[in-house]
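Can you make the complete structure from the sequences, with help from the hints?
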Amino acid sequence: MKKVTNYMLLIIIVIFLGCKEKLKPLQYAQFVQGKESGLMKVITVDNWDFVFQYKPYDYILLMEQRTKDPDFNFKKRMENLKGTAWFNISVRRSDGNISPMRYNLGSNEEYNQRLNYFLNEAVKNIRLIYDKKDTLMPMAYEFENNYNLSPQETMLVGFKLPKDEYYPKKAMQLTYDDQIFGNGTIKAMFSTDNLKKIPALID
Amino acid sequence: MTTIKILAACMLMCILTGISVFLKLKTDNTKIAVVDATKLFSQYNMTKELEGKAKIKLLAMGKQMDSVETLLNTVKALKNENEINRLSNVYAYYKDKLEDQYTQSNREINELVWKRLNKVIDDYGKKKGLHLIIGANGMGSVLYNDDYYDLTNDAVIYVNKNYEEGN
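For the protein sequence lines, the chains are A and B, in the order given.
Quick note on the numbering used here: the first sequence kicks off at 1 and runs consecutively.
Quick note on the numbering used here: the second sequence kicks off at 1 and runs consecutively.
Keep in mind that the hints were calculated from the coordinates and are not lab data.
Note that beta-carbon positions come from the ideal geometry of N, C-alpha and C, so glycine has one too.
Incorrect hints may appear among the rest.
[Claimed, not checked] Heads up, incomplete: computed chain B residues facing chain A, CB under 8 Å, no partners named:
#	residue
1	M46
2	E51
3	L112
4	K115
5	R116
6	D122
7	K126
8	Y163
Here it is in structure tokens:
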């Protein structure tokens, strides 16, 4: 009898641990974008805010679903995302008064230099350390050019995970070396614990 | 009997007041900390990384200078005056360049690191509930302190965790 009780207890514990919290789309998005989740980090250096946002697959799909495309193939898209890790890196002034592209701008040439940096050079200054041992360089990069309509600049960056990693589950340290505003290396750690605590998305 | 009770109560209150005052003073004292600024700076991971990068550049320049020096020594042995003059100028140029680069990279590292450290030390002080952090730097601002107030090691751990994890 005691043995049966022990087994039942073990099964209950396993089921309890295996059950992920489930959230509706809005709550899920708020969770991912919230500081408490540990998936979004804001690092402030000399009145500059660097926002590092990790984007789980469900979050990416949730954002893409907004286009309401009837031909959107979720399964195929999920297959594409397998074995990758995606982040947004945003840069803004802490007071949010001016676009970083226009901050302390001396000339039109300087503006073009900054634009060129974000379009072509910044990718060389980004890397991801996976599981504290694998240094990964970006496999995809895009600068969201908002033409100064928003007071923040955002870079989208993707990494291919080491072999046999179907999704990010080990600690990741994202590093960006800010060469344009002279703030040096900025790092953000996304811990295994925080990755484990990502809830499931329900429609 | 009543008098004894009153006296005992008074003594107890005196003891309790004494303990409270002692604890309050002790807490207030720990709200001051001394941090060895030189150690904090040199053990900060950002400093180590920046110095590592600068070292590579400086070593490459040093090797260029060494090559010119070897050539200069060769022509000196051959007593070729024109070449000695030319290579002496080249050597002086490389030497100046190396010194300038060394000064510049030191200045840049100092600027970058302190820009970051000042804010993190602020946060550290607030989190620890400190009123004052004294930066000891070997320049005579703190003549003596024992381990009681010294939070250097704790501060080093805090600033490095902050740098590596972005919290």
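Practice problem: Compare the structure with the hints numbered earlier in the document and write down the numbers of the violated ones, lowest to highest. | Solution: 2, 6 and 7
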